[in-house]
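1 is the number of the first residue of the sequence shown in our numbering; add one for each residue after it.
The set of hints was computed from the structure by calculation and includes no laboratory data. None of the values given here were measured: they were computed from a predicted structure. A couple of the hints might just be wrong.
Here are the simulated DMTMM-like pairs of lysine to aspartate or glutamate, each with C-alpha atoms no more than 20 Å apart in a straight line [claimed, not checked]:
hint, residue 1, residue 2
1, Lys12, Asp175
2, Lys189, Asp174
3, Lys12, Asp169
Per label pair, the in silico range of CB-to-CB distance [claimed, not checked]:
hint, residue 1, residue 2, range
4, Thr182, Thr121, 50 to 60 Å
5, Glu35, Tyr61, 23 to 33 Å
6, Asp113, Gln146, 18 to 28 Å
7, Asp113, Arg192, 40 to 50 Å
8, Glu195, Ala65, 44 to 54 Å
9, Val180, Thr213, 44 to 54 Å
10, Arg192, Thr161, 28 to 38 Å
11, Asn147, Arg193, 17 to 27 Å
12, Gly58, Phe184, 44 to 54 Å
13, Glu206, Glu35, 11 to 21 Å
14, Lys56, Val180, 52 to 62 Å
Note that the Cβ used here is the ideal one computed from N, Cα and C, for glycine as well.
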Amino acid sequence: MNIIAINGSPRKNWNTAILLGKALEGAASQGAATELIHLYDLSFKGCISCFACKRKGGQSYGKCAVKDDLTPVLEKLATADAIVLGSPIYFGNVTGEMRSFLERLAFPYLVYDATYSSLFTRKLPVGFIYTMNVDENRMQAMGYPQNLKAMEMSLERLFGTCEALYSYDTCQFDDYSKYVVTAFSEADKAKRREEVFPADCAKAFEMGVQFVTRTSCR
1 MNIIAINGSP RKNWNTAILL GKALEGAASQ GAATELIHLY DLSFKGCISC FACKRKGGQS
61 YGKCAVKDDL TPVLEKLATA DAIVLGSPIY FGNVTGEMRS FLERLAFPYL VYDATYSSLF
121 TRKLPVGFIY TMNVDENRMQ AMGYPQNLKA MEMSLERLFG TCEALYSYDT CQFDDYSKYV
181 VTAFSEADKA KRREEVFPAD CAKAFEMGVQ FVTRTSCR
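Generate the whole structure from the sequences, applying the supplied hints.
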């Protein structure tokens with residue numbers, strides 16, 4: 001089996017990337033081949049509304065016609081056995097890079113028919129790992145779940161399943177004294193990273209394990 005993780009964070013070694021790595025470790029523990037792709041390493045744009053993926057009899061029907069650094073990534077994902085996506089939350093939603101990627105990933109498979117059916121012919125488990133600076137109460141009050149659920153529902157409709165993992169109140173800096181961030185307590189952030197973040201890592205690991213074992217049983 002082949003499990004691919006997509007990092008929508010500009011950081012390669014911080015919260016989002018760490019959790020994605022744990023998910024891949026879980027998958028690898030069950031014998032899967034894994035790969036982590038960093039979107040911020042790539043040069044690409046979101047959907048350009050060319051509609052080549054919808055043209056009857058067209059060479060690009062059902063796939064994105066744009067050629068750039070994302071093209072080989074989309075080709076890999078078309079044959080993957082599971083996908084794990086990860087993004088920090090910026091202004092209540094995923095990063096711009098992740099959003100542009102999702103447009104290019106999902107739109108070609110979406111059919112403009114009466115039921116908005118999918119051209120993707122397999123059931124592909126998709127996981128979405130979110131990291132955020134706010135705690136769970138503030139996340140709910142600010143409407144993050146509503147913002148994120150629409151894309152999760154689209155991914156589920158197109159690929160079969162989509163499950164989310166939220167990592168709240170994450171530590172943003174190694175040294176808070178260097179930044180104007182008086183809204184947060186460095187001591188509280190450090191304590192949470194020591195006591196809670198490991199549990200989030202364990203959940204991500206288990207997501208990777210489950211993606212392999214559930215898919216293998218089909």
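request  = Mind checking the hinted window 44 to 54 Å against the Cβ distance between Gly58 and Phe184?
outcome  = 51 Å, holds
Consistency of beta-carbon spacing, Glu35 to Glu206, with hint 11 to 21 Å = 20 Å, holds
ask   = Does the alpha-carbon distance linking Lys12 and Asp175 stay inside the 20 Å limit?
value = 18 Å, holds
task = Hint says 52 to 62 Å; check whether the CB-CB distance for Lys56 and Val180 agrees.
result = Once the Cβ atoms are compared, 56 Å apart, the range 52 to 62 Å for Val180 and Lys56 holds.
message = Please check whether Asp113 and Gln146 have a Cβ separation lying inside 18 to 28 Å.
response = For Gln146 against Asp113, whose Cβ atoms are near 27 Å apart, the range 18 to 28 Å holds.
key: Whether the CB-CB distance between Glu35 and Tyr61 falls inside 23 to 33 Å   = 27 Å, holds
key: 20 Å Cα cutoff - pair Lys189, Asp174   = This hinted pair holds, its Cα atoms lying about 10 Å apart.
request  = Look at the Cβ atoms of Val180 and Thr213 and judge whether their distance stays inside 44 to 54 Å.
outcome  = Holds - the Cβ-Cβ distance for Val180 and Thr213, about 46 Å, lies within 44 to 54 Å.
ask   = Is the distance from the Cβ of Asn147 to the Cβ of Arg193 consistent with 17 to 27 Å?
value = 25 Å, holds
inquiry  = Taking 28 to 38 Å as the stated bounds, is the beta-carbon spacing between Arg192 and Thr161 within them?
reply    = Cβ of Arg192 to Cβ of Thr161: about 30 Å, so the range 28 to 38 Å holds.
Range hint 40 to 50 Å (beta carbons of Asp113 and Arg192) holds or violated = Given range 40 to 50 Å: holds, Cβ gap about 47 Å.
task = Take the C-alpha atoms of Lys12 and Asp169, compute the straight-line distance between them, and say whether it is at most 20 Å.
result = Holds, because 19 Å separates the two Cα atoms, which is no more than 20 Å.
When each numbered hint is compared with the structure, no violation occurs for any of them.
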